[in-house]
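Q: Listed in order, the protein sequences are those of chains P and U.
For the first sequence, the numbering used here begins at 85 and goes up steadily by one.
For the second sequence, the numbering used here begins at 276 and goes up steadily by one.
In case anyone wonders, no lab produced these hints; they're calculated from the structure.
Careful, some of the hints might be misleading.
[Said to hold, decoys possible] Within a straight-line C-alpha distance of at most 20 Å, the following computed DMTMM-like cross-link-like pairs (lysine to aspartate or glutamate) qualify:
1) U:Lys308 - P:Glu102
2) U:Lys279 - U:Glu355
3) U:Lys308 - P:Glu100
4) P:Lys181 - P:Glu115
5) U:Lys308 - U:Glu392
6) U:Lys308 - U:Asp341
[To be verified] Covered stretches of chain U (in silico footprint by chain P; criterion: 3 or more residues with CB under 8 Å from a CB of chain P, positions within the stretch not fixed):
7) 378 to 392
8) 416 to 424
For each residue, glycine too, the CB sits at the ideal point set by N, CA and C.
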Amino acid sequence: MNSQHVNGISVVGLQEGERLGSVARILLDTEGRHVAAFGVDSGGGLHSTGTPRIQWLAAEAVSAIGPDALTVPDRTSLREFAPLDGILDLGTLLKRKVVTEGGTYVGQVASAELDDRGAAVTHVEVSPGFFKSNRMVPIGQVVNIGPELIIVADAVCADAVCADDPQPDDARASDGATAREEVPQEALVFRRVVGDVEPGSGSSGRARGSR
Amino acid sequence: MNSKQLKGLPVVSIAEGIKLGTLVRAYLDPSAKRVVGFAYDAGNGLTEPDSEPKLDTGDAESLGPDVLTVRTRSAVRGEEVNRRFGELVDLGALHNRAVLTEGGASVGSVGSIDFDERTIAVTQMEVTPGHFRRPATVLAGQIRTIGPDFVVLYDATMPVEPTPVVGTRTDREVATSAEPSPR
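With these hints in hand, go ahead and build the complete structure from the sequences.
A: This is the structure:
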């Protein structure tokens, strides 16, 4: 299921038959591969004047995540403090830039795919930009999640068109030199951010110091 | 008997041969799934402190399709309803309450509730899935929780069988319909 589906979904206590709040945040573990906890906004209603009250639900306390609600055994499943191993807020990953190890710009994080229990991240959805289809990157191909960039394996772009690859319908695409001239400005920016790209390496260039 | 038949039902004292009032509310024990008592409009007007006296099911002599009878006016005490008022659920307030499965899937909303006139236990619940879809029936044993915001069903209840189009289901029909009927 998509993280955008989980965000905002109602949290229901099965014992009480009561709506406990709605999912406001999703915390991942340090590696960004497993869901550590969900932040549940208990809300104060229309008359609430303060900041939303967030209580935390450990991922293992979730009974089920369905199309209309996330269910938990009872109200005691909610805690005042988040689990210690949950430090990466999925919300902060959205729109983070994604580049391959080789320095190719892939796009921006659009969302994440979770497994049926909402316990693990299975894919990261990357948006290359307007007029291009989003790409689902398996979590196994995510090399590193950094504070500014997400590094993915080169294989992500092996069979697909990435941001700085020549377009399939471009008559000059076979000319590697011309392809370099066509490199989008944004991709060049992220090459500088990732590290130095070996000159003349084009879209298959590897960043200095990469494996 | 269906919950929608209760409102307006006359309350009659057998000994005095008089009408004490008309039913306005039925109170359900959500954990036992059983009607515990009623409130009736005694017709005393808004200025009377208790214009809706409470009546336990134990105070009633019988509950029929047309009348609820008590032996005498003095038999109406409503002690259990008054004592447990905070934990009971107004049956009328259950109508249109959202119905959800354990797995987090919306089923619809409560249409009405059937209960046995003798045991006053809930036998089944009609669920309205929404526009352009037929109401479905959920047996009492398939209901996990009756809560303030949701009625939660066991996941194993799905799919929910449709309600018969005509006729009233007797207790025997309800008991033998535990197995889903082939379509």
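Q: Now, for every hint given, state plainly whether the structure supports it.
A: So, going through the hints one by one against the coordinates:
Our distance criterion of 20 Å between C-alpha atoms is met by Lys308 of chain U and Glu102 of chain P, whose separation comes to about 17 Å. Of the pairs offered as hints, the one joining Lys279 of chain U and Glu355 of chain U is violated, with about 23 Å between alpha carbons and a cut-off of 20 Å exceeded. Distance restraint check for Lys308 of chain U and Glu100 of chain P: the Cα-Cα separation of roughly 14 Å lies within the 20 Å cut-off, and the hinted pair is therefore satisfied. Between Lys181 of chain P and Glu115 of chain P the CA atoms are separated by roughly 17 Å; this keeps the pair inside 20 Å, and the hint holds.
The hinted pair formed by Lys308 of chain U and Glu392 of chain U meets the criterion: a straight-line CA distance of about 14 Å does not exceed 20 Å. The straight-line distance between the Cα atoms of Lys308 of chain U and Asp341 of chain U is roughly 23 Å, outside the 20 Å bound, and the hint therefore fails. Check result for the segment 378 to 392 of chain U against chain P: holds, 4 residues qualifying (beta carbon to beta carbon below 8 Å, three or more required). For the segment 416 to 424 of chain U, the stated coverage by chain P holds: 6 residues have a C-beta nearer than 8 Å to a C-beta of that chain, and at least 3 were required.
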